[in-house]
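Novice: Under the numbering used here, the first residue of the sequence shown carries the number 240, and numbering increases by one thereafter.
Warning: the hint list may mix true and false statements.
[Said to hold, decoys possible] No farther apart than 27 Å at their CA atoms in a straight line, the calculated lysine-lysine pairs in the BS3-like style are these:
1) K313 x K260
2) K288 x K260
3) K275 x K286
4) K311 x K260
5) K286 x K260
6) K288 x K275
Since the hints were made in silico from the structure, they are not lab data. In this text the structure is predicted, and so the values were computed from the model without any measurement.
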Amino acid sequence: VVEGKKLAEQILLDLGRLSMKVISRSDETTMLVFDKDGGVKEVPTPKGKPILTEERAMDLSLAARAMANVFKWKEPLDVEWLYEGDTLYIVQVRPYLGL
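Build out the structure end to end from the sequences listed, making use of the hints.
Specialist: Listed below in structure tokens is the structure:
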């Protein structure tokens with residue numbers, strides 16, 4: 240959840256084993272989506288559903304692995320992402336310094 244006001248989705252992914260560990264699930268009531276006029280806008284989250292499902296987390300992990308290969312980083316990545324429907328968009332990638 241980009242610029243979240245509450246608890247963010249945090250899932251650690253082991254790209255070597257393609258396994259994941261949920262650290263926290265979002266308690267956000269809104270999420271960001273693309274605005275048809277450009278930029279992004281805030282909309283209500285789907286009620287009772289996690290923003291980052293296991294399927295989406297796996298898609299994101301595969302994208303992160305590809306980005307790590309491109310940038311040749313050995314450190315974990317901090318990936319900011321956005322879904323529109325079932326399509327993943329990467330907003331920003333940088334080394335994760337929080338470990």
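Novice: Run every hint past the structure and note whether it holds.
Specialist: Hint check:
no.	hint	verdict
1	K313 x K260	holds, 20 Å
2	K288 x K260	holds, 18 Å
3	K275 x K286	holds, 23 Å
4	K311 x K260	holds, 24 Å
5	K286 x K260	holds, 23 Å
6	K288 x K275	holds, 24 Å
When held up to the earlier numbered hints, the structure conflicts with none and fits them all.
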